[in-house]
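Participant: Going down the list, the sequences are from chains A and B. In this text, residue positions in the first sequence follow numbering that gives the first Met the number 0: the first is 0, and each later residue adds one. In this text, residue positions in the second sequence follow numbering that gives the first Met the number 0: the first is 0, and each later residue adds one.
Take the hints with a grain of salt, since some may be wrong.
[Stated by the list, open to error] Within a straight-line C-alpha distance of at most 25 Å, the following computed DSS-like cross-link-like pairs (lysine-lysine) qualify:
hint, chain 1, residue 1, chain 2, residue 2
1, B, K210, B, K222
2, B, K210, A, K264
3, B, K134, A, K257
4, B, K131, B, K117
5, B, K222, A, K273
6, A, K264, B, K109
Read the hints as simulated data drawn from the structure, not as lab findings.
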Amino acid sequence: MEQDITLKKEGQGLAFLKPMLVKLTSKFQQGDLISWLKKSGITILSIALFLGLWHLGSKALYNKEANYKIEKALTEQGQEAADAERACIASGDSSCQPNTLPAPSQVWASLQSLIADHKVITADKAAFAQKMEATNEKLIAQGKDAIVYTGRASFIDIVLTSIKTVFAGFLLALLIAVPIGIIIGLSPSLRSAFNWFIQIFKPVSPVVWYLLVFMIVKTLYIGDSSDNAFVISFISVGLCAMWATLVNTAMGVSSVDKDYINVAKVLKLGTFQKVFKVILPSSLPLIFTGLRITLSVAWMVLIAIELLAQSQGLGLFVWEEFQNGANDSNSKIIVAMFVIGIIGFLLDRLMLMVQNMVSFNKNEGV
Amino acid sequence: MAYLELNNIYKIYGEGDGATEVLSDINLSIEEGEFVAIVGFTGSGKTTLVNLINGLLKPTSGEILFKGEPIIDTSHERGVIFQNYSLLPWLTVGQNIYMAVKEAFPNESKRVLQQRVKDYVAMVSLSPAINKRPKELSGGMRQRVAVARALAMNPEMIIMDEPLGALDALTRGNLQDEILNIWSKDKRTALLITNDVDEGIYMADRIIPLKPGPNATLGPEFKIDIERPRDKTALNDNPNYKKTRNAIIEYLMDIGEARKSVSQTEYILPEISPKSFVA
Numbered sequence: 000m001e002q003d004i005t006l007k008k009e010g011q012g013l014a015f016l017k018p019m020l021v022k023l024t025s026k027f028q029q030g031d032l033i034s035w036l037k038k039s040g041i042t043i044l045s046i047a048l049f050l051g052l053w054h055l056g057s058k059a060l061y062n063k064e065a066n067y068k069i070e071k072a073l074t075e076q077g078q079e080a081a082d083a084e085r086a087c088i089a090s091g092d093s094s095c096q097p098n099t100l101p102a103p104s105q106v107w108a109s110l111q112s113l114i115a116d117h118k119v120i121t122a123d124k125a126a127f128a129q130k131m132e133a134t135n136e137k138l139i140a141q142g143k144d145a146i147v148y149t150g151r152a153s154f155i156d157i158v159l160t161s162i163k164t165v166f167a168g169f170l171l172a173l174l175i176a177v178p179i180g181i182i183i184g185l186s187p188s189l190r191s192a193f194n195w196f197i198q199i200f201k202p203v204s205p206v207v208w209y210l211l212v213f214m215i216v217k218t219l220y221i222g223d224s225s226d227n228a229f230v231i232s233f234i235s236v237g238l239c240a241m242w243a244t245l246v247n248t249a250m251g252v253s254s255v256d257k258d259y260i261n262v263a264k265v266l267k268l269g270t271f272q273k274v275f276k277v278i279l280p281s282s283l284p285l286i287f288t289g290l291r292i293t294l295s296v297a298w299m300v301l302i303a304i305e306l307l308a309q310s311q312g313l314g315l316f317v318w319e320e321f322q323n324g325a326n327d328s329n330s331k332i333i334v335a336m337f338v339i340g341i342i343g344f345l346l347d348r349l350m351l352m353v354q355n356m357v358s359f360n361k362n363e364g365v
Numbered sequence: 000m001a002y003l004e005l006n007n008i009y010k011i012y013g014e015g016d017g018a019t020e021v022l023s024d025i026n027l028s029i030e031e032g033e034f035v036a037i038v039g040f041t042g043s044g045k046t047t048l049v050n051l052i053n054g055l056l057k058p059t060s061g062e063i064l065f066k067g068e069p070i071i072d073t074s075h076e077r078g079v080i081f082q083n084y085s086l087l088p089w090l091t092v093g094q095n096i097y098m099a100v101k102e103a104f105p106n107e108s109k110r111v112l113q114q115r116v117k118d119y120v121a122m123v124s125l126s127p128a129i130n131k132r133p134k135e136l137s138g139g140m141r142q143r144v145a146v147a148r149a150l151a152m153n154p155e156m157i158i159m160d161e162p163l164g165a166l167d168a169l170t171r172g173n174l175q176d177e178i179l180n181i182w183s184k185d186k187r188t189a190l191l192i193t194n195d196v197d198e199g200i201y202m203a204d205r206i207i208p209l210k211p212g213p214n215a216t217l218g219p220e221f222k223i224d225i226e227r228p229r230d231k232t233a234l235n236d237n238p239n240y241k242k243t244r245n246a247i248i249e250y251l252m253d254i255g256e257a258r259k260s261v262s263q264t265e266y267i268l269p270e271i272s273p274k275s276f277v278a
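Here chain A stands alone, though its shape is the one from the complex:
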């Protein structure tokens, strides 16, 4: 029976795509292109406006800094140095470029260079693996660890590490918060016992959570040379992000519609049946709302935590590029900013989809 339910749920979850598809196809069938163009036209126009403003803004900042540099050369070293500086800036030479907000075109170029860099590193890795294949086989035969590639990570690897960390943290949050939420939602006395705990630890900042996790994990890993940055960062992310799920689950479980409880009583369901067949299904929508908040919080705190934990993810990437101060560092930071934003948006959409799948209207059964 249980399995039956979940199977049907999935079917229902996909069914919501149907009207959207029908809408899309019928739109073109009806030849109603104008309204579609109007809608997407506004979006495209706003993007173009945004890029234009960004371009103008960065140009203004660029000119301000360039003028300052020339002015400075003039007052400190005289006319000749100022002319040289002006020529240098105009020639586009990287040694004297103003280091300010990059223009959209520079960011685009950086994205392409990061992708090209990824291809180079992937090729490197493959070559390295091929070269070491024979040696590694021998090492493994001798019972030793194989030699692995330890070169720098490419941008794509960094993004994947971040996503991995977020999902590990999210999973941890889910495994901690949902069961505890259910238990304290069911028992009012446990709820008041846990309440102070939740109220105090909920507002604690991600940085402090990181420090706490660091203290504990560092001691647990003592004498172990392996890299624990990933472990520390995903645990910190999980602990930071789990509160929304914990509170929502407890609330959902404790505020089940009285009609459903009456049904459970009249049918004389046992405690187990009552919890799993009535209380949990009816609080699923709230639990998933909590999980959605948890995932977006996890992604948001991830950047700060990776930076602190020196975990090879986007947070560290941004920080290192800032410290680096190379000519294209600023535009790489902006690339990372967009990647963070887009992934965060996609994660939220994903959760929204799952949430719509499990939720039902309160009045549906009534």
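Starting from the known structure of chain A, arrange chain B on it as the hints suggest.
Facilitator: What follows is chain B alone, placed relative to chain A:
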């Protein structure tokens, strides 16, 4: 001894100054196989009375005896059809009924139980909708599911709390016939709570008005001496029907008037008129 007996039932909500006495001095006895209707205004405490009888609530004082035993909890012997259907929206029609059947017959095999579900879904003619969820059904269909769920547990007594209140007149009439059909098949005891006098007269053997609350109590009973099966269209010409109907409505009007006159305070309005901005 009667099948169901309510003796001097009082139900008080709240404590101290905030206490409201919803029901006072309710006395009722129902014989086995009888169909009794309780008619009352909305807000007169009908649902409280129903919840006392099905065991969801406990009376503040007085005793309720079911087959001579005091009611202390809900029981599978008394099936309930709720006012708002109360189907679980995440389960299909079949699953909603299966859940009830499984609880009522824990020792039966899955196959037997599923057959029972199918039979009862067929009985309320919803077989094509067995795999649908409540949200895909109309109000009348949902109520039929609720009827099937209550009856599939094979209760000795059916308690109906305004089961047809939210339905349109046509669906209502059809469902009244369906419920009567099912009831007449094996003459279970039935208690119907309603706000519709005609529904009560059409379906029940006895009608008892509930005086409006707070302090709601039962009024004098009216026997319905109309032979079954009753014909809805012919009912209008039945002198017995007219007489009973008029008597009940007169009684309800009277107590309605009495309730109004209780709180008849005269309010004196201040003599003010809108200011004239023209002059």
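Participant: Look at each hint and say if it fits the structure.
Facilitator: Okay, the hints, checked on the actual structure:
1. B:K210 with B:K222: 18 Å, holds
2. B:K210 with A:K264: The given pair, whose Cα atoms are some 29 Å apart, is violated under the 25 Å limit.
3. B:K134 with A:K257: 19 Å, holds
4. B:K131 with B:K117: Roughly 14 Å separates the two Cα atoms, so the pair holds.
5. B:K222 with A:K273: 42 Å, violated
6. A:K264 with B:K109: Holds, at roughly 22 Å.
In summary, the structure is inconsistent with hints 2 and 5 from the numbered list given earlier, while agreeing with the others.
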